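Work out the full structure, taking the sequences as your base and the hints as a guide.
Each chain, letter by letter, is given below.
There are 2 protein chains.
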Amino acid sequence: MFKQLKSFVFGSPLDSKSETEERLNVPLGLAIFASDALSSSAYATDEILIALVGIISISSVSNNSNADVGLDLSNLFMCVPVAFAIAFLLAIVVVSYRQVIKAYPGGGGAYTVAKDNLGPSSSLLAAAALLLDYVLTVAVSVCAGIAALTAMFHATTGAQAVIEEHASVGLALLAIVAIAYVNLRGVRESARVIALPAYLFIFCMLSLITVGVFQSIVYQPPQPPVYHGVQIGVEHLAFGLLFFKAFAHGCAALTGIEAVSNGVKAFKEPSVQTANLTMVLMGSLLGVILLGLTYLALVHQIIPVEGDTVVSQIARAVLNKQDVFYYVIQLSTMSILLLAANTSFGGFPRLAMILARDGYLPRQLMNVGDRLVYSNGIVLLASMAAVLVIAFHASVHNLMPMYAIGVFLSFTFAQAGMVARALRAGGTNPDVKGMVINGVGALVTLLVSCLLCLEKLTSGAWIVLISLPMIVFMFRNINRHYETMHHQLAVPSKEYHPQALDHTVLVLVASLNKGVLPALEYAKSISKRVEAVHVELNPEATIQLQKDWEAWGSGIPLTVLKSPFRSLSGPLLKYIDEVDKRHEHDIVTIIIPEIMAKKWWHNLMHNQTAIAIKTMLMFKPGKVVTTIRYHLSE
Amino acid sequence: MFKQLKSFVFGSPLDSKSETEERLNVPLGLAIFASDALSSSAYATDEILIALVGIISISSVSNNSNADVGLDLSNLFMCVPVAFAIAFLLAIVVVSYRQVIKAYPGGGGAYTVAKDNLGPSSSLLAAAALLLDYVLTVAVSVCAGIAALTAMFHATTGAQAVIEEHASVGLALLAIVAIAYVNLRGVRESARVIALPAYLFIFCMLSLITVGVFQSIVYQPPQPPVYHGVQIGVEHLAFGLLFFKAFAHGCAALTGIEAVSNGVKAFKEPSVQTANLTMVLMGSLLGVILLGLTYLALVHQIIPVEGDTVVSQIARAVLNKQDVFYYVIQLSTMSILLLAANTSFGGFPRLAMILARDGYLPRQLMNVGDRLVYSNGIVLLASMAAVLVIAFHASVHNLMPMYAIGVFLSFTFAQAGMVARALRAGGTNPDVKGMVINGVGALVTLLVSCLLCLEKLTSGAWIVLISLPMIVFMFRNINRHYETMHHQLAVPSKEYHPQALDHTVLVLVASLNKGVLPALEYAKSISKRVEAVHVELNPEATIQLQKDWEAWGSGIPLTVLKSPFRSLSGPLLKYIDEVDKRHEHDIVTIIIPEIMAKKWWHNLMHNQTAIAIKTMLMFKPGKVVTTIRYHLSE
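Sequence lines, in order, name chains A and B.
By my numbering, the letter at position 460 of the first sequence is numbered 1288, and the numbering carries on one by one without gaps.
By my numbering, the letter at position 245 of the second sequence is numbered 1073, and the numbering carries on one by one without gaps.
Please note that the accuracy of each hint is not assured.
One copy or any two copies: either way a pair holds, since identical chains are not told apart in the list.
[Said to hold, decoys possible] Lysine-lysine pairs mimicking BS3-like chemistry, simulated, CA-CA at most 25 Å apart: (1) 1261 - 930; (2) 1409 - 1352; (3) 1426 - 1442; (4) 1096 - 1352; (5) 1322 - 1426.
Derived by calculation from the structure, the hints in this document are not laboratory data.
Fair warning: this is a prediction, and the values are worked out from it, not measured in the lab.
Following this line, the structure appears as structure tokens:
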């Protein structure tokens, strides 16, 4: 019955042979691997602007006109240079990763590259950073997707932020459950289905930017809001600090870039070239969208508002009214963000499986479920993402400080690994060009990682900095356990063959009834030394049992154990030890007769003594507890 | 370790012989048994006044002066006749219960009396009503106790009701946990300790009433608030209805009256006389306090206010300033209410134990814990009371509609049982006086029950009216299960003696390692037909195992089962059925080797296959699953 229910919910089990693969060309590859990277543009501009001008809470918007908010807008113009700097960083990372793709045509995540070239410690740190980032990708993407949705309602109805926060958490959790469900069913991602929202998003963004830029050149932008209280003149030092702050915030745009390099195998032959072309295309698209959106934000003097997103504000400013295209933009943004979360559900369980295979995570993460997916990894990822969503009230901005650090750390490990590889492989004909590219990549991403840690330390980065070593510590502990276990369980020698042992069987008897018969029968079947044991909880019942037992005359001896404190297990455990001492090299089996009712809930009405006794004997070698059930027929 | 923790928290186990009893005289008996009944006066007047004039929410109080609230106060005067009517009802019930005490010197609760005289159906309904009432007594008393506490803070600080609601729920839950804990520790109620707050409460109430009445006669009452908007002239019919409504609400005062009759055994010899005297004293005290408080409420024109209690208002009005005596009154009220909740923790587990003994509730409720108390009953009562407190937001007024009905139903059953008893015993010398007393009692309480159902049907009584038959249905179902079980388990005949059975043992093997050895050894010890079984989840591992097994050459045959869907249990269950069919009248034992790590959390890292297979075979007769553990030494 449980099986049928499971089949109904998750689909009937799939044969191991039914795994097939679809090879991807550039357009399909772009759609599959780009959602994570491209979707970052949906929140990157928000982050830059928040760093530059702060955020307006919704209550101040509804109470006052924008004019009186008193935000310092003098630095808004800096968003464009910051965006250019990020685009430049993007180019460096893309070029570096082209080297990784070339070197690892079988798919080279940061863990693989670091393990191959830098040794276990670095690889474990990279793995920890990657695992954290998969979880954060799910949390951030889902929350940003829900923000795109609620921004639409906010724009239409002007609902209060407080209500939205609870609703957002609920919707985000719902989305996580839905995505996890789809992945547990193991619906093979048909690239064509996924391509649709990805290309719709690309089309929407490019159109929006084209129209917006054209407007800004040809016409005056439609009614740019006017701000009072603008202050001019920031000191040079403060200016530089602000630039780095905004840059650090904007680095969120680069999350998800590495996806292509993990999946080279999935591309059509020649897979390396196809993957590389896809990588470059993806980087260019991301750069264009980021620069375009940031430019438009500046033109329309968009400032971050609680409950609304920058993309949503730009769309409304450019389109100048809430027409249908605005809704298309919001919904496509939401779709690509949910797709981005979905890609983590592919990556996390696979990485967890690899770590489990290497003995760094519990083996259960290697189990392939009925539907040919790593079910345990999917459930684990969904649970952790859900915890983050709840803890951070589904706020993208609150989650951000923890996000980009892990990404850049794993970039650094991958690039450093490539340098080490080139150095080792070098010899007579070193790949100097590759080494320089990866060296620059490693250096730049390391610098950015440090910048991120410094900039966001107190606002959440500390959680990551504490978690990473803890996760690595856990990896090592698990590994040590498996190693010592493996050592202890080494294949038995050929000389040693298992022999029958000496054996005493104790049958626990509460009163003489038919329920005890199968237990006594089984006891007689497995040993010649059978003894019935009764723990006295109620003196009257004991006297009755002794009388009945004598009258019955089965020939099996009955031992009565006193129990002054009415405990069943105490006297029993003491007696078992006594029996155990009678013979050497023997086993004691305790048989517990249990009544098994036809309806499962009827079993709640019987004392669950077996569970307690089993738990107590679990850690004692040489004692076996067996439950023998008497099945009621009514 | 768990044992030590348990001892530390709940105290070390008590010897069965250590149960002693202290016999009570009238003053101590009054203290022990009266808290439930007397504490009712802390909320009964509130209920009467709410029925007559409604309740003022705290927001309207803080915003407007009392004068503008616009409540209709013309009917306030009716509270005194209503209180007299309730006192009269109280007298009837007390006189009736004196008969019960005489007839059942061993302690006669409604369940016992009904079972003896009216048959099982009535007795089960009475039992259901009693169980419900114990739960409600805990919930109501605790909430009223917390209300007395918060009223004190309200009076002092004027805190908002919204904050108080959450705080009240939290405090009430805390109180329930604390009372349950005390009862689980089984601290023998020392009558002297309990007597203190009970007599303090009685002293406070009597002093308050004396001073108040004296004031109202000699002086004008100090500054009675003046209300505007008073309407005069209610029609006769509406007048009558209002009277009955207030009367129904006020019946809450009678809850807990029956306690003495349940505990006659606890009194000093001559126990019947001592108990009867206690009963009359308790009734008189309750009557005086109820009438006194109601009169003072009228004199001071007290109206029910959210967040404050009537007793607290009266105390402040009479004392005319918040002096120390006001706080003593509030704290003693709280204490007696918590004591009332505590008495339910004596009654509920005892009644549940009696019902379990009679086969109407699960047997676990008969278990006597380490500290000589019925622990399961205590936990069950606390859990249900906690659910009520949360569901009804710790509001006494919201809980009330469900409360008194059960009490009056059980009154009715007790009295009707007494009439039936007198009729049967009658013969030549019928006890006409007793019959008349109990007949009147039964009739009056039945009428009140009907009135309560009608009056409070929609506001909560429906829950009781639905629950009662459901609980009785549950009783009967449980009883039927135990009956059929008993029938099926009848003592085996003397001719039948258990014999050894034919026996096949299957040992589940994943790979050849030392962990499998004890399992194979045990298998050889218990049967000559041993077979190793391997389910193929990974073809490479299977080939390796077959090679290893052959090289090892233990002589035990190895069977490999294919599993196209990667399920362990599916192919295994199929094969077990196959093996079972090979021989007739045999048993199949499945042995599962398990690795047991030294640290318990290490075991989380191993596949828990045994649990799944055990669960699946639980309902299949003739199959036994035994786990044999290999204990790791590191």
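For each hint, the structure was consulted:
no.: 1; hint: 1261 - 930; in the structure: within (13 Å within a copy, 107 Å between copies)
no.: 2; hint: 1409 - 1352; in the structure: both (21 Å within a copy, 22 Å between copies)
no.: 3; hint: 1426 - 1442; in the structure: both (23 Å within a copy, 17 Å between copies)
no.: 4; hint: 1096 - 1352; in the structure: neither (67 Å within a copy, 57 Å between copies)
no.: 5; hint: 1322 - 1426; in the structure: neither (47 Å within a copy, 27 Å between copies)
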